[in-house]
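So the chains spell out like this:
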Amino acid sequence: MSQTTTPNTAAGGVADFLDTRLGASKAVRGLSRKLFPDHWSFMLGEIALYSFIVLLLSGTFLTLFFVPSMGMTTYEGAYAPLNNVPMSEAYASTLRLSFDIRGGLLMRQVHHWAALLFIASMTVHMFRVFFTGAFRKPRELNWMIGSVLALLGLGAGFSGYSLPDDLLSGNGLRIIDGVIKSIPVVGTYLSFFLFDGEFPGESIIPRLYIVHVLLIPGLILALVGAHLGLVFWQKHTQYPGPGRTNQNVVGFPLLPVYAAKAGGFFFVVFGIMALFGSFVSINSVWNYGPYDPSPISAGTQPDWYILFIDGALRLMPGWEWTVAGFTISFNILIPGLILPGLMTGILIAWPFLESWASGDRREHHVLDRPRNVPVRTAAGVAAIVFYTVLALAATNDLLATHLGLSINDITWTLRFTAILGPPIAFWITKRICLGLQRHDRELALHGRETGRIVRTADGEYFEVHEPLNEYDRWLLVQHDARRPIELPPDVDENGVARPGARKDRIRQKLSRWFYEDRIEPLTPSELAASHAEHEHALEAGEGEERPVVTTGR
Amino acid sequence: MKGLAARRRRPLATVVLLLMALVVTGAAYAVAAPTFANASTTAAGDVQRGRDLFVASCASCHGAQATGTRAAPSLVGVGAAAVDFQVSTGRMPLANTAPQAPRKPTEFTQQDVADLSAYVASLGPGPAIPEDQYLNLKTDDESLAKGAELFRVNCAMCHNVVGAGGALTRGKYAPPLEGVTPKQMYEAMVTGPQSMPVFNDANLSPTDKQDVISYLKYLEEQPSPGGFSLGSLGPVSEALFAWAFGIVVLIGAAVWLTAKSS
Amino acid sequence: MDTREQGGASSELVTRDEDGNLPDRFENPGPPPHRYRLADTDPKAAKNAERQVAALFGISILGTIFAIVAYFLFTPENTFASIKLSNTTLGLGLGLALLGIGLGAIHWAKTLMPDHEMTEMRHPMRGTDEDRTKALEVLETGAAESGIGRRPLVRNTLLGALALVGLPGIVLLRDLGPLPKDSLTKTLWAKGVRLTRDPDGKPIKAADVTRGSIFHVIPQGLNESERPLEEKAKAAVLVIRMDPNMIQEKDPAREGWDVDGIFAYSLICTHVGCPVALYEQQTHHLLCPCHQSTYDATQYCKVIFGPAKRALPQLPIAIDDEGYLVAQSDFKEPVGPSFWERG
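Chains as they are written, first to last, in numbering that gives the first Met the number 0: chain A, 0 to 552; chain B, 0 to 261; chain C, 0 to 342.
Simulated from the structure, these hints should not be mistaken for lab results. Hints are supplied without guarantee of correctness; some may be wrong.
As the list claims (entries may be wrong) - Calculated pairs, DSS-like style, for lysine-lysine (alpha carbon to alpha carbon, straight line, at most 27 Å):
#1 Lys133/C to Lys234/A
#2 Lys249/C to Lys190/C
#3 Lys216/B to Lys103/B
#4 Lys137/B to Lys249/C
#5 Lys185/C to Lys301/C
#6 Lys33/A to Lys103/B
#7 Lys137/B to Lys234/A
#8 Lys259/B to Lys204/C
#9 Lys331/C to Lys204/C
#10 Lys429/A to Lys508/A
No experiment lies behind these values; they were computed from the predicted model shown.
For reference, chain A alone in the conformation it holds in the complex:
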């Protein structure tokens, strides 16, 4: 054992201890100067991560007092209207937690707000990753891990929503039971296995509890590790800009700037959630009373992330048939299982679908500006519109009372909107993207409008344009306009069908759909030509063919 340096401070002593046992110096040397690009949208995933840590901390406090049992007891405590009312241990302990444990209500509210914001921030993070194309090679696997994390988030949320065993969560479980029972062949059995017999049974709360506090958080923790590990290993993507290329990464080092910012941000996120928990009421379980199969509250809805399924259930017409003595309930199967399954499938498969259509096998570390990939952006917006319409449908009763409308009219309107809205949103978004691209091109070509109007000797008016500097221009011209792939003809010169031709035709179609409409970015020769022409036009004093000039201002 040879030591080249001898530590003579306490910190040095610790560092030496760790390095001689773990080789920590190599890791610290490598990681601490690692660069992270700085952009607000890169912090969205961090919000999700920090919300998750808040969930773990507040959730641990809750487990110290929550009793995950459906055994019957009576509540005795500060909430008068439930005193001496028979109820499950789970509900009674939630009430005690809320009213009789100092800080219990705060932790419950912080936990619930953090849960809503955990999934919301994951969603916004996914939007960012999707619309900027950050999922492209080499990050497809991390997109899949992220999608699974989002699904696990839904599972964690729903299992937690059910735990207090109040009227709201019990009716939520009742709906889940109905959805499970609709599964052909095995549905009834699955329901009996899940609930240990008939609904509601006495086992579902303890079962969901272990799913909620161990199974799902464990999986989330493991996958978050993999997710972050891949971000480190593959290095972060960056937005296009001067000095940023596909071969470099421009940003701030982990130590000290990024560590201070990210570490500080954790406290900010936690602090904001603590304030929400102290000032804004969430899931006031005492209002609902213990679960009982016959009562229900008007406005019974799930938490926001399940609203889309609930809304789909509301919008479906009553399609149910009995075939050969067996019941098939498409009115439940489609919105409850098929649709969410399909949406998840497309979500996870998207990176592969897109690379199949583009034929692009290169690594991408510079992000797309959403306008430069109109079809992807439009598809994303269409999906968001679809999702939002479904979620809105789940609030149709509240929309009816608060807007003074008929619930039946709202339902019918949303039925049509769910079908027509996404294609319309797609078309509009694509047009907007192409328009923005054209605008970018014009801007790069002619520069910014200055608002100064000049009169020529001929009495003509025109507005003076200020050319962009090369840094600003770079953002507008740096991207590739992707073209549809060209595939060999279906038959060779001898008229023999090429193997895989049919598949290729689909691929060709998909590729055309993606990349047919495009605006080529400005090239240097176009810019030079425009200026030369302009110069020429000036000398000749001709009015027309002067693209620099926009009239009418």
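We have chain A already, so just place chains B and C on it with the hints.
Leaving out everything else, chains B and C in the frame of chain A:
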């Protein structure tokens, strides 16, 4: 440096927009949540004066003899309770055609209402105005718990567990119960106004009704322990807050965090 | 700058190579010039920033102290106001304690730590050709040494064993719950069982059910039954009374199932099982608050709107010697949401 200037402006614009949105929502809520003042003392009614009032204000729809027309039902046998409820909550006279009569400030004095009630009661037997002994609010735990349970089983499906109201079919709705007087609640239960079913004394005894009313008033008087109640509408208003405020504040923090210091 | 003046200077806008040719694409101009912050150039501003950071950390300390004091000072009593006070003060203290640290650290990083962006090169994810060849060799050597290719018997039995080994895990799950058997088609209702009020179990006289009323009903003895919640989840019933002439098309099969216009229907929605408890006494429509399935009591609770398909099952009722409502039998079909074997 125009680009940089624009970039620096943007976060502030986001915050300003957010604040504006908040103020607008808050103001809209304040406007949309009106309060009503209603008196509940009973006064002896004058049948003759009630008849005059009836002819002046009600007969055009309910008929000169209160036997009903095509536009409105007969009032024979509806009882004083129905009249007191409908008129004192401003539902009658109906202002214009709507899926159901909305609650609004009443045009009549207490004496007017009492006279009208007395007149209609004289037409045929029907539910009377509740006795004061059932309108006293109870405060013992047992009554409150009983009232809460009865409310959940019989009322919450339409009016929501804390009486925040809910939707019915085709534009009809179960109204919010905040600000409704105990007397009016009692009358609504015995007369079943509009879409609401009747809860007669065999279904909910007068004491049961008293318990339900006591529970609702207890809820109304107590502050929300967890902070702003967001209208007690459940997960949807929480969802709205999480997205319209929560996520926006968090993203605002992220924008500030990554913005270059001046 | 005027484009007219710029007109002749197009060569400044586009860089040509030595031969005077234009490149196909623009070239990345490299990082823009650095802009210095106030605190970089002005020591006063730096000192100010330092004070602000320290103040934020100070706020955090005060927040922590406040939270601890609030915990002991504002102990919740039996009132909502005291619970609210405790919750608000604790949360406020905690929130300030956390925000102080967070905002302070970020402000420190933004104003006082170096803000020169740095550049570092990426390496392609793909290994070098040499790495790939070596990795392949290692894998092949491993496969060859194990003999998995040469000994198919070992390989195939291993695959078989691995494919099967998970099965006990699935079999072990069998006891998660009992088999359904006929439990979904049976309820506590039977001939002569009295209709009683939910929740207290008081029997209901036919005369009590006046027009326009709705009664929420459970079978007699439910509260004393072995598993009241499971039984209630199937047996809950609502009873309404209407003019029998309101029925639009009389169903001869249901002749005698009502008692003089008193009808009993299952409370459980045939969609996914919420209680269909919203009764509009003027239209005789029943609305499910969960997904808005609407049933029309004048058509034997046929679905007239929403996602449900089947009508609410009707419970045939009669009147006993003492004038109480009783069931004639159990429901004639399974109640509640659809399931595969329902038929």
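Hinted pair Lys429/A and Lys508/A, Cα distance within 27 Å: 18 Å, holds
Hinted pair Lys249/C and Lys190/C, Cα distance within 27 Å: With a Cα-Cα distance of about 24 Å, the restraint between Lys249/C and Lys190/C holds, given a limit of 27 Å.
27 Å Cα cutoff - pair Lys137/B, Lys234/A: 67 Å, violated
Pair hint Lys33/A and Lys103/B, alpha-carbon separation not exceeding 27 Å: Judged against 27 Å, a Cα distance of about 66 Å means the pair is violated.
27 Å Cα cutoff - pair Lys259/B, Lys204/C: Between Lys259/B and Lys204/C the Cα gap is close to 77 Å, so the pair fails against 27 Å, i.e. violated.
Lys137/B paired with Lys249/C [C-alpha distance capped at 27 Å]: 47 Å, violated
27 Å Cα cutoff - pair Lys331/C, Lys204/C: This hinted pair holds, its Cα atoms lying about 23 Å apart.
Distance restraint between Lys216/B and Lys103/B, which requires alpha-carbon spacing of 27 Å or less: Between Lys216/B and Lys103/B the Cα gap is close to 20 Å, so the pair holds against 27 Å.
Agreement of Lys133/C and Lys234/A with the hint, judged by alpha carbon distance not exceeding 27 Å: 25 Å, holds
Pair hint Lys185/C and Lys301/C, alpha-carbon separation not exceeding 27 Å: 22 Å, holds
When each numbered hint is compared with the structure, violations occur for hints 4, 6, 7 and 8.
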